[in-house]
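A.B. asks: Residue numbers (this note's numbering): 894 to 1033.
Heads up, some of the hints might be wrong.
Unchecked claim - Calculated lysine to aspartate or glutamate pairs in the DMTMM-like style (CA-CA distance at most 25 Å, straight line):
| hint | residue 1 | residue 2 |
| --- | --- | --- |
| 1 | K991 | D926 |
| 2 | K962 | D998 |
| 3 | K996 | D1013 |
| 4 | K962 | E1014 |
| 5 | K996 | E951 |
No lab work stands behind these hints: they were computed from the structure. Computed from a predicted structure; not experimentally measured.
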Amino acid sequence: MTASPAASVLFVCVHNAGRSQMAAGFLQHLAGDRVEVRSAGSAPGDQVNPAAVAAMAEVGVDISDRRPKILTAEAVQASDYVITMGCGDACPYFPGRKYLDWKLDDPAGQGVEAVRPIRDEIRTLIENLIAEIDAKRLEG
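Generate coordinates for the entire structure from the input sequences, incorporating the hints supplied.
C.D. replies: This is the structure:
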C-alpha cells in the first residue's frame, strides 16, 4: 500500500503553456509521489511553450509530453494549494485552500535565453513550497 500524497498543488496561469507547466514539472521532479501535482489555464493554449520545454530539458526535467488544460472548479476544489501566476481573478475561490500568487514574467513569445531566469526563479519557489509542505506534514 502506498502512502497518500502529503498535499495536492494546482498551478494556474492564463495559457497553461509556460510558467505553470514549468512549476508542475519541477514539483513532480523534486517531490515525486509526496505531492499530487496539477496545472491548468484560464484560457489554455494549443501547446506547451517550446522555449519552456527546452529550458526545462537543460536541467533534466522533461515536460515535452504535457498539454495545456482548462481550469475547472473541480481542480481547485481538489487541491490544498492553488498557485496562480498572472491569471488575475479567473481562479475560483474555495475556503480551506491556501492561495499563493507568484509574480513571474510571462515566457510567452520569449526565446530560451529569456526563459532561463524565469525557470530558475520557479525552481527556487518550488523548493520553498516543498519545504513548507514537508514542515506541515511533520506537524501532522
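A.B. asks: Would you pick out the hints that fail for this structure and give their numbers low to high?
C.D. replies: The structure breaks none of the hints.
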